[in-house]
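Required output: the full structure, derived from the provided sequences and hints.
Residue numbers (the UniProt record's numbering), protein chains in the order written: chain A, 1 to 285; chain B, 1 to 285; chain C, 1 to 285; chain D, 1 to 285; chain E, 1 to 285; chain F, 1 to 285.
Keep in mind the hints are simulated off the structure, nothing from the lab. Fair warning: there could be bad hints in the mix.
What the hints assert, rightly or not - Computed, partial: chain F to chain C, Cβ under 10 Å:
1. I12
2. P14
3. S85
4. G86
5. P100
6. D102
7. N109
8. I114
9. I115
10. A117
11. A126
12. P129
13. R238
14. N274
15. E275
16. S277
Computed from a predicted model, the values in this text were never measured in an experiment. The C-beta atom is built at its ideal place from N, Cα and C for all residues, glycine as well.
Protein chains: 6
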Amino acid sequence: MFYYKEELINPIVPDQPDPAAARVLQEILGGHYGEMRTMMQFFFQSSNFRGKDTQFRDLIRGIFLEEIAHVELVQNTINQLLNGSGESNAPGDSGADHAPLDETVLHANPHHYIIGAQASLPVDAAGNPWNGSWVYSHGNLIGDLLDNLILESTGVLQKSRIYEMSSNKTFRETLAFLIVRDNAHQNAYAKALETLGVNWGKLFPVPNYDINKYPECRKYVELGYHNVQFNFRLDQTRIGEIFSGQTPSRNGGDLAVVEPPQGFPVPLMPEMPNEHSPGTKDMNF
Amino acid sequence: MFYYKEELINPIVPDQPDPAAARVLQEILGGHYGEMRTMMQFFFQSSNFRGKDTQFRDLIRGIFLEEIAHVELVQNTINQLLNGSGESNAPGDSGADHAPLDETVLHANPHHYIIGAQASLPVDAAGNPWNGSWVYSHGNLIGDLLDNLILESTGVLQKSRIYEMSSNKTFRETLAFLIVRDNAHQNAYAKALETLGVNWGKLFPVPNYDINKYPECRKYVELGYHNVQFNFRLDQTRIGEIFSGQTPSRNGGDLAVVEPPQGFPVPLMPEMPNEHSPGTKDMNF
Amino acid sequence: MFYYKEELINPIVPDQPDPAAARVLQEILGGHYGEMRTMMQFFFQSSNFRGKDTQFRDLIRGIFLEEIAHVELVQNTINQLLNGSGESNAPGDSGADHAPLDETVLHANPHHYIIGAQASLPVDAAGNPWNGSWVYSHGNLIGDLLDNLILESTGVLQKSRIYEMSSNKTFRETLAFLIVRDNAHQNAYAKALETLGVNWGKLFPVPNYDINKYPECRKYVELGYHNVQFNFRLDQTRIGEIFSGQTPSRNGGDLAVVEPPQGFPVPLMPEMPNEHSPGTKDMNF
Amino acid sequence: MFYYKEELINPIVPDQPDPAAARVLQEILGGHYGEMRTMMQFFFQSSNFRGKDTQFRDLIRGIFLEEIAHVELVQNTINQLLNGSGESNAPGDSGADHAPLDETVLHANPHHYIIGAQASLPVDAAGNPWNGSWVYSHGNLIGDLLDNLILESTGVLQKSRIYEMSSNKTFRETLAFLIVRDNAHQNAYAKALETLGVNWGKLFPVPNYDINKYPECRKYVELGYHNVQFNFRLDQTRIGEIFSGQTPSRNGGDLAVVEPPQGFPVPLMPEMPNEHSPGTKDMNF
Amino acid sequence: MFYYKEELINPIVPDQPDPAAARVLQEILGGHYGEMRTMMQFFFQSSNFRGKDTQFRDLIRGIFLEEIAHVELVQNTINQLLNGSGESNAPGDSGADHAPLDETVLHANPHHYIIGAQASLPVDAAGNPWNGSWVYSHGNLIGDLLDNLILESTGVLQKSRIYEMSSNKTFRETLAFLIVRDNAHQNAYAKALETLGVNWGKLFPVPNYDINKYPECRKYVELGYHNVQFNFRLDQTRIGEIFSGQTPSRNGGDLAVVEPPQGFPVPLMPEMPNEHSPGTKDMNF
Amino acid sequence: MFYYKEELINPIVPDQPDPAAARVLQEILGGHYGEMRTMMQFFFQSSNFRGKDTQFRDLIRGIFLEEIAHVELVQNTINQLLNGSGESNAPGDSGADHAPLDETVLHANPHHYIIGAQASLPVDAAGNPWNGSWVYSHGNLIGDLLDNLILESTGVLQKSRIYEMSSNKTFRETLAFLIVRDNAHQNAYAKALETLGVNWGKLFPVPNYDINKYPECRKYVELGYHNVQFNFRLDQTRIGEIFSGQTPSRNGGDLAVVEPPQGFPVPLMPEMPNEHSPGTKDMNF
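As structure tokens, this is what we get:
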């Protein structure tokens with residue numbers, strides 16, 4: 001069973017709305033290699049695990065738990081990027097010759113303003129809905145670990161590419177945090193395969209990202225976030241049997257299971273009358 | 001952030017494998033009105049909530065937390081129904097004129113034996129993958145509550161129909177538990193709409209299921225599970241501002257927020273060499 | 001605007017339930033080349049028509065109108081094949097060792113018993129949902145006519161193949177009627193291309209079906225249904241400028257626009273308490 | 001069977017082409033909560049209806065008939081918004097350094113210019129094709145009515161949001177008419193549930209739209225279009241047993257079944273040689 | 001079995017990057033009527049062919065072989081249009097207030113920069129993935145030929161429409177070559193139906209494109225590319241039994257099977273460090 | 001450009017029809033990890049390759065070429081399993097009380113008899129169409145190689161699981177050949193990663209299949225097919241720079257690039273009048 005504290009795993013840094021950034025950030029939420037995929041893939045692999053070597057199951061499940069918090073973080077980041085983006089600034093904007101959203105939606109995913117009230121959706125950067133066929137849970141441990149490894153590597157890859165698409169601070173801070181965490185999860189799966197006999201040489205991290213290009217990453221690396229796994233279990237776990245000792249990455253350091261970060265506030269979004277959200281203004285309750 | 005204890009929300013009752021039952025039970029996991037949908041829909045609605053009346057957000061989020069445990073329960077139930085279903089009983093079964101799975105897959109979802117190692121998948125009873133376009137999170141509170149209400153009602157409806165498709169005890173126990181819990185969640189959303197001024201008369205429960213037709217439900221009703229909401233929050237929640245007082249159902253009783261059930265063991269599945277799962281027999285670790 | 005009389009275009013012939021037949025007949029309703037496709041394709045082509053040669057638009061629209069009635073006919077046929085198929089005959093069937101639907105769903109589309117209350121769905125014979133990408137409305141008249149021609153030819157082809165899958169009379173009568181009507185619509189589009197200069201030689205009908213293999217077709221051919229187009233317009237139409245004169249088929253005869261068939265009763269389906277349908281038994285209204 | 005008069009249910013108001021508006025208006029045609037969905041959902045529910053309380057079936061079917069005309073209206077509106085949008089104004093536009101569509105398609109759905117000849121498509125505002133899995137026809141009357149109610153409420157919600165995306169008159173007039181009609185259909189399903197015992201208090205209309213924000217709506221409200229249902233039946237119907245008496249909306253008034261609106265001309269679209277539509281210029285016929 | 005020489009079937013003409021052109025050109029690669037569809041459709045029809053009249057199978061297979069080269073050509077054209085489009089020109093572009101891709105992706109398919117490293121994808125112009133349900137291989141020869149004919153006609157139609165969307169030379173040259181080749185394949189299927197008795201009159205080519213509007217086409221027509229079929233077989237083929245004699249097109253000329261074009265270089269794409277492609281800079285190999 | 005000789009890469013071993021086997025074998029053709037995926041994935045990776053280390057591109061392209069032949073082999077195998085499966089043996093089978101296909105389709109994919117004339121389709125074992133979103137071509141070489149490695153490993157895994165589903169010889173021979181070839185391709189990608197510094201230890205082959213359980217594999221292993229790559233290039237290739245030296249598999253041996261196998265006849269399928277295939281019996285040609 002699953003328990004919750006209303007705290008985000010990383011802060012939402014304030015900046016201006018940026019609907020074009022929100023559109024591309026959807027890839028990280030609902031894309032083929034996004035956080036919904038990692039969350040569901042590790043969930044299915046955890047529940048479908050076979051055999052007694054449950055240290056692997058506990059590793060996968062431990063990362064699954066963090067991925068739920070990642071989904072929550074990206075939802076909130078997208079919401080912040082959209083929030084207020086479609087509001088009219090001037091009086092009379094809904095007059096005959098101008099509409100408050102006409103410019104806004106040109107470079108946005110229009111569904112952000114039609115289906116949602118300027119809020120996140122389970123779709124990718126091109127507007128395609130999340131699809132269950134993407135989940136890989138084949139029951140062969142090596143297959144599952146290799147697929148998880150490539151999934152986390154692609155996570156870093158795509159996030160570093162999306163990072164280039166806006167200099168918005170809300171956007172980049174979340175991406176930077178997730179790049180470093182994906183790196184940690186890459187280390188986790190690479191280490192698990194090391195216990196099965198693989199020596200990775202200097203292959204990882206993949207991609208070989210230069211921390212100087214992503215300055216927001218630096219503080220997370222300095223906190224050691226690329227080499228730790230947060231423990232969200234309220235009971236015992238064997239995760240430390242795998243996630244310990246020397247990192248498989250050429251960047252060095254030792255792996256360690258640690259407490260989750262202090263939590264950060266979940267932003268409360270204002271009412272948005274133009275979107276009829278929540279739309280209960282005149283109710284008596 | 002999300003925390004976890006390795007305990008199921010309800011026991012897995014032992015019985016024989018039943019792959020045809022596993023096939024139809026997939027609807028409850030990955031179908032249009034299944035637990036993955038409720039989980040993701042309430043997740044998005046929680047994160048996308050607007051305005052200060054956070055008692056509604058806390059209600060939706062509280063149910064979301066339970067839905068994660070429902071997904072876990074259905075995954076484990078499907079696994080139990082599949083587990084061992086494709087194993088050969090007789091010597092020489094993989095000989096020239098017989099294959100151990102030939103009869104098994106005739107009435108099964110073949111993907112249970114190809115993609116998974118006799119394990120659950122994010123698909124529905126017809127084998128279609130789960131689809132993100134099904135999630136409804138429109139930001140209008142009344143719209144969201146009404147849609148959640150019909151979603152939980154359809155949950156009971158489909159589960160009572162699927163119940164007729166096998167008398168397997170593993171299958172029926174999980175269905176019976178979920179029928180009663182969907183009834184509770186139906187009460188939750190109906191009650192929320194009551195606070196906005198609706199009087200439901202004698203409309204609920206929908207469908208108007210007769211507890212005598214689903215004998216496994218009785219003990220859950222006697223425990224009052226149709227009128228309680230389990231609280232998975234580790235911090236404060238305003239859920240009780242809505243989920244309290246008289247039930248909106250004609251079956252009567254008072255609503256109450258309570259502690260989650262005692263946990264039940266997550267079954268450990270045996271190795272399955274024919275499916276190469278986990279397939280690490282000869283590794284040295 | 002569209003008007004309606006509650007009458008089917010052809011009778012529903014009574015026979016036993018046959019859920020396996022209902023499963024494959026779904027292809028004719030929600031498949032890539034089924035009646036929903038023809039209905040929507042001709043609807044879009046009618047509305048999107050360009051230019052003054054509206055005799056072509058009126059031809060396409062005229063067939064569109066009939067296709068709505070075909071959708072209704074196939075929905076009702078599937079319902080008849082499903083109706084009662086999952087009802088228990090013996091007392092105590094929902095007891096511990098037997099479930100009323102366990103055998104029924106083995107060769108059925110389980111969604112017929114889960115999503116619908118033993119009723120038709122917008123899906124194909126493999127359970128895939130109808131998809132808008134199948135509609136062809138490209139605005140080039142020759143392209144549209146050729147595509148409509150192949151669509152109607154495939155209609156006959158698939159119906160004659162499905163005909164072999166059950167000897168159920170309800171099933172075969174509807175298929176036989178639609179085979180002959182698809183033949184008429186094939187003639188319509190072939191004739192339209194004749195007016196643009198094509199001489200088809202002896203190519204049609206495609207496929208070259210032998211009426212003796214589909215004895216139910218005979219009466220419809222004797223009625224001349226392969227060479228007429230029913231007129232559902234309440235105002236003027238130019239359809240006769242194309243649909244007249246010698247048939248383009250080697251089977252001969254003259255094309256004519258005629259009144260629709262006398263209508264046939266739309267069956268009223270009984271309540272089905274096991275499926276909670278309609279499920280209002282205890283309501284006071 | 002279905003009959004037709006070539007008349008639109010509401011006029012197409014002339015204005016300039018606006019391909020960005022056409023793109024977002026596709027949501028109302030082929031989106032999850034668009035007119036194709038309402039049309040098909042009410043069609044399936046009508047044909048799949050069980051039991052003797054056919055006043056409900058006649059209500060659903062009556063609204064289905066109007067939805068076909070809504071699909072036709074939205075197709076024609078999109079066509080008007082696209083028509084001529086991609087034509088070159090200047091001589092020599094297809095020369096070496098400029099192409100007539102290069103600017104046009106930047107903010108358009110490119111499929112409007114590739115698949116269709118500047119014409120409507122069965123897709124949503126993000127370009128995803130219409131999907132049959134969206135149709136809800138579960139056979140439980142209360143479930144179906146609740147789902148129809150939320151579907152019509154979402155119709156108003158999305159249309160009022162899309163209204164903000166362009167001040168084009170063609171676009172806004174169609175949206176305004178449909179907002180008021182969706183309101184009427186919301187009243188229809190809310191009233192049907194009233195007959196089953198629900199008292200809605202002051203919940204409806206959902207969303208609680210302010211008519212002053214959508215000035216084009218006013219005349220339709222003054223005509224009473226929010227409280228009437230047009231009758232497209234050529235035979236008897238029991239719809240009036242439900243759709244009569246006091247409206248369930250707090251805006252007040254009495255419900256009444258009335259004749260359809262006088263019809264309005266279906267625009268005839270000009271040839272578009274650049275799109276090869278219809279492309280029969282040199283044919284002899 | 002299939003053999004390969006690293007040569008393109010037509011040259012890639014150099015010009016500036018044009019990501020908006022790349023986006024729409026995806027239709028020709030991964031769209032409903034694109035080259036992946038023709039390739040796979042003719043592949044399935046070839047392998048599934050029934051009967052002894054293998055001259056038809058050899059015709060279909062011969063065109064299939066060319067379509068593989070068309071897919072390769074369009075992939076390379078898209079790559080050329082994307083290559084370098086997202087590179088920063090100015091120093092310090094990844095600084096705090098500007099990102100190198102922010103303007104670039106506004107009118108692009110963002111997946112070109114997220115999933116691929118500025119490279120082609122199996123999707124259409126609206127970003128929808130290629131779908132196997134589009135393939136038509138029904139086994140009825142006339143049906144298959146008619147469908148292939150309309151497929152090739154739509155190929156010309158869509159390419160001529162896309163041609164208007166950019167004056168980029170890389171883009172237009174590939175489109176022009178493919179327009180003429182689709183015309184040849186249209187002739188092939190029209191001729192095959194002629195051998196079965198059809199006389200097309202002056203119907204083809206469809207659409208009736210004016211070569212003066214697509215000046216890049218002229219040289220290919222002068223080379224006779226609209227009336228030849230390239231032979232990629234290393235063994236015997238009966239294709240010439242159909243593809244010979246007078247063209248079915250009103251443009252005249254004789255059909256002939258000829259050697260493939262001389263090959264053209266496959267461009268080698270530079271490393272793209274910003275996209276981490278290939279991302280092996282620091283490896284020792 | 002691509003050239004062809006009409007020869008299969010492995011023989012089709014004769015046996016009885018087996019439509020249930022054909023249904024599950026579709027996974028190997030059109031499934032998420034089937035031959036269409038490997039073919040298209042390696043095609044896109046080859047064309048989208050960046051940088052000068054073209055030995056990797058030539059390796060990927062070399063395997064792509066073989067995958068086209070694999071697709072052809074599986075299409076022909078499925079056809080053989082279906083061929084004649086639906087034919088009636090007894091006289092009068094299409095009489096009033098029996099249909100020749102009624103039993104046949106119960107455990108088959110009905111589309112094999114409706115869409116195709118008892119022939120292969122681009123779908124998976126559950127009937128879902130092939131989907132372009134499955135293709136991984138991300139442009140990061142390590143990412144691509146790791147994904148290809150897991151793709152080939154999953155190929156062996158799924159084929160060994162499907163092998164258990166029928167003892168039909170046609171079915172098993174093709175699976176056995178492909179298991180050994182997937183093993184070779186697994187070796188290829190594992191070796192490529194070795195050149196980038198990885199030491200796999202004893203991890204491969206994945207899964208660790210026991211050749212004694214798949215006796216048909218033995219002869220292919222004895223031919224060394226698990227350690228060779230067939231060369232389908234008509235020009236130079238750098239593939240041998242990677243595919244040479246010691247295998248990365250613990251089963252040992254040296255890798256070598258060799259000539260393709262001698263070709264085997266492509267079966268000619270008989271006419272099937274009941275399916276109207278090819279359906280030209282009465283034509284004069």
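Now the hints, each set against the structure:
At a threshold of 10 Å, the smallest CB-CB gap from F/I12 to chain C is about 25 Å, leaving the interface hint violated. Among the interface hints, the one on F/P14 is violated; its C-beta lies about 25 Å from the nearest C-beta in chain C, farther than the 10 Å criterion. Contact between F/S85 and chain C, as hinted, is not supported at the beta carbon level, the nearest pair being about 12 Å apart and thus beyond 10 Å. Given hint, F/G86 at the interface with chain C, holds; its Cβ is 7 Å from that chain's nearest Cβ, closer than 10 Å.
This hint holds: F/P100 has a C-beta 5 Å from the nearest C-beta of chain C, less than the 10 Å allowed. Checking F/D102 against chain C by beta carbon gives a least distance of about 5 Å; that is within 10 Å, so the hint holds. Below 10 Å, beta-carbon pairs count as interface contacts, and F/N109 has one with chain C at about 6 Å; its hint therefore holds. A cut of 10 Å between beta carbons decides the hint on F/I114: the least distance to chain C is about 5 Å, and the hint holds.
The interface hint given for F/I115 is met, as the beta carbon of that residue sits about 7 Å from the closest beta carbon of chain C, less than 10 Å. Look at F/A117: its Cβ gets to within about 8 Å of chain C, closer than 10 Å, so that hint holds up. Restraint check, F/A126 versus chain C: the minimum CB separation of about 8 Å is within 10 Å; hint holds. With a least beta-carbon distance of about 7 Å to chain C, the hint placing F/P129 at the interface is held under the 10 Å criterion.
Hint status for F/R238: violated, given a least beta-carbon distance of 41 Å to chain C, over 10 Å. With a least beta-carbon distance of about 6 Å to chain C, the hint placing F/N274 at the interface is held under the 10 Å criterion. Hint status for F/E275 relative to chain C: holds, with the closest Cβ pair at about 6 Å, below 10 Å. At a threshold of 10 Å, the smallest CB-CB gap from F/S277 to chain C is about 9 Å, leaving the interface hint in force.
Hint compliance for this structure: hints 1, 2, 3, 13 are broken, all remaining hints hold.
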